[in-house]
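Colleague: Make the full structure from the sequences, and use the hints.
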Amino acid sequence: MALPSIAQRVLRGWTLSQGETWCSATPPGHVPRRQGWKLHVSATAASAPRVLERALPVLAEHACAFKFAVTTRVLAELTAARGPRAQSGKFLTVYPADDEQLRELAEGLHRATLGLAGPVVLSDRRYQPGSLVSYRYGCFFAPPELNDEGFYEGRLRAPDGSTEPDQRNAWFSPPPWATPPFPAPVTARGGPVLLAGRYLVREAIRHANRGGVYRALDQSTGQDVLLKEARPHIGSGHGDSDVRDWLRHEAEVLARLGPRGITPEVHEVFEAAGHVFLAEDLIEGTSLNEWSAGPELPTVAALWQLARDLTRLLGEVHEAGYVVRDVKPSNVMMTPKDTPVLVDLECTVPLGGKAYVGGTPGFTAPEHLSAPEGKAPLGPEVDCFSLGATLLHAASGINPVLAQDSEPARPDADRLAAIVTAAAPDNPALHALAPLVLGLTAEVPARWSLPEAAAWLAAEPQVHATEPGVALPASAVRRLLDDGLAHLARTADPAAEHLWPRPRSVPPSDPCSVQLGAGGVLAVLDRAVRTGAYPQAETTLRVAADWLDERLTRPGRVLPGLYFGRSGTAWALYEAARTLGDTALAARAAEYALRIPLDWHNPDVCHGLSGAGFAQLHLWRRTGDQRFAARAAECADRVLSLTGTAERGVDWPLGPEHRGELAGSALYGFGHGVAGNAAFLLGAGIALDRPDLVEVATAGGHALCAVAEPVGDAARWPKGPGRTERMGLNLWCNGGSGIGTFLIRLWRATDEPLFLAHAERAARAVHDDRWRLGASACHGVAGNAQLLLDLAEITGERRYRDWAAESATCLWVRAARRDGLLLVPDETLREVHASYQIGLAGVLDFLLRLSHGGGRSWLPDTDEPWGGGDEHGE
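Sequential numbering from 1 applies to the sequence shown in UniProt numbering.
Each hint can be trusted.
Okay, derived cross-link-like pairs now, DMTMM-like style, lysine to aspartate or glutamate, Cα gap no bigger than 20 Å in a straight line:
#: 1; residue 1: K337; residue 2: E284
#: 2; residue 1: K67; residue 2: E20
#: 3; residue 1: K38; residue 2: E153
#: 4; residue 1: K375; residue 2: E443
#: 5; residue 1: K337; residue 2: E290
#: 6; residue 1: K38; residue 2: E104
#: 7; residue 1: K38; residue 2: D166
#: 8; residue 1: K38; residue 2: D99
#: 9; residue 1: K354; residue 2: E252
#: 10; residue 1: K67; residue 2: E53
#: 11; residue 1: K354; residue 2: E373
#: 12; residue 1: K38; residue 2: E164
#: 13; residue 1: K38; residue 2: E61
#: 14; residue 1: K67; residue 2: D99
#: 15; residue 1: K354; residue 2: E319
#: 16; residue 1: K337; residue 2: D309
#: 17; residue 1: K354; residue 2: D240
#: 18; residue 1: K337; residue 2: E296
Since the hints were made in silico from the structure, they are not lab data.
Owing to the predicted nature of the structure, the values given are computational and were not obtained by experimental measurement.
Modeller: Structure below.
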């Protein structure tokens, strides 16, 4: 029976409102509270109907508002092994009128649901030991507010009138001024954790909804072991088993496989406070993910040996009567001798048997993941696919997950073959292994078996000379642009809260922003129309401009940042108005930009004053209005003040001959650190005739060059601060891509060879990494390839444009077919969303520039005079 129908039978006269996740129940005359102590009643998918039936009379008697998971499927997701820890188990949320009612309800609900199954709610404190009822302090019906980072969150009002975030942690964390409604339980604190009388926990390796993973000292042997924890009632779905049963099953598998030396060996399985723990060998080394993710890809010889070893290991697993189902780089540990060991075998099941569908998209055989429950194929061919996908990732860094096609869908094997064919020419290891990878990931029955793989690997590898990568033809670029713009037109909904559906992978944010809202998409539509090649986009441009024009007049908090605030939105709206010939709209956009607050505490581009300053500089160039020049100068001075007086910042390995104001930047990259702050100061210094700003920016360039780590012809940078963090980040927001974006402009302004050399090294890293990343502008290929077009434009060297065309191929082979359109997925590589920085719009911006030329979006760095008004505009 559907859960809402159970409530409807009892709650006569109440209002029930169903959404995608929750069903809210409100009694007549209900007066909502802003915040307070709330109750949660836990349940599993199997126990939820009974829990609701027992709780309803108690809630009806007290006429108390509440909500519950709208379906048992939703609840199963909330209690899944990999579900969100802070939300796990929260089947029913109760909003008492006051603390007295809360205490009455807690006792009534506890008695009504006693003995039923449900996991512990980690964010709460239990009402009583063993109870399904727990409590926490939080927002009730307060409208979410925009925080400093540009995301909406619930905020609590303190007794002094100040507000603070409603912390949704996976542990009990009420605000200090909220007095708990029940006495705190007496618990021992501060001592070491000793389990089963012998395992002394040294550190937590990771936490998950299913339970933690810990490094522990076995006091009986003096050796370190790995402890895996399974929490009660997690991962139960609609059945009786849960992750505790999975962990016991894994122990049985390891007991069979461990003596072969291909997996850890079991030490003990034990229970503590209802939780099940597995103690097993601690495998020293690194995961295959880390092993293959260094600045340089592994050699052909190393990967050939890896392929042989993994083929042998899986052969032994099959000989023992099991199929792993979830072979992937994070489930392979590489010992200090580069010997692989299989770990995390909870998905391993007997060959030829029946089991629930399990595994990881991209690495588990697609025919297995798409099979009905209990009918998934469990033959050796499932692991053969995983082996091929794992070797593809190890050789190239490619994540083999594919965004689903709509029907009729292309075979995954064909799509993976297109990726391998495109990525292999300038990757010797992948080129050598390509026949094996293609054979192992082929469709059944053509898929290679392990004996076939072993026979092929018996020969020595053939190392081929590196060839140029595959550049995307202009016709394919045009297809992606036509289809992407058509998708934007189809999916715009002016009546919705967000003009385009927002990504579910990130929290709700400002629907007008560049980062995730309509502002960034508007700018791309404007660019498309201005090329003259896509007149059909003008209708959508008009819709988006009118929608933003109306939205910007609504009350609400306005943030100054270029991407998460409203500076980029005003910039985009002004340019769209000019393209549309709407002078009144252009004037309104300019006036809006003049009202954006600049009294701000963050100096960076994404959220702060450097980004706001970029917009003010651009609008000064376009309008000639000196008020924008004055505001750009104000932004520059505030950036200097914030970064020059900060107590902590990045490493600044420069002597007193260099200015050090930017040393207080939080990070090195463009979106949040030195590179972006310095790029703004450089532009402002040139435009405002302020040599001091250029001097500060130049010092920033020297500092960035000093902390770079050369890797062959490339260079890589840490995220910062500190020099112990893993090197090699290569993104627009953090890492070499954004740093090169600044350095090439600094070279153009100063003619200093050092800056050109490091910008070119950053470009080499961008080119080398193109297959390792997703598609997006912020964290992927589309944003990184903009640097290559920068160098092509500024240096005049053709090779950088050729590299950009090769980056476009990465986008082409990733595209999914949706309702007749070929669409590049967002940064998750699974979904298609319009947003600029993590979705389709940023990809289209890169492709428009690649195909039609023009400058870099969101950087006012053309060579035209500053402050000349529209007659000097584009």
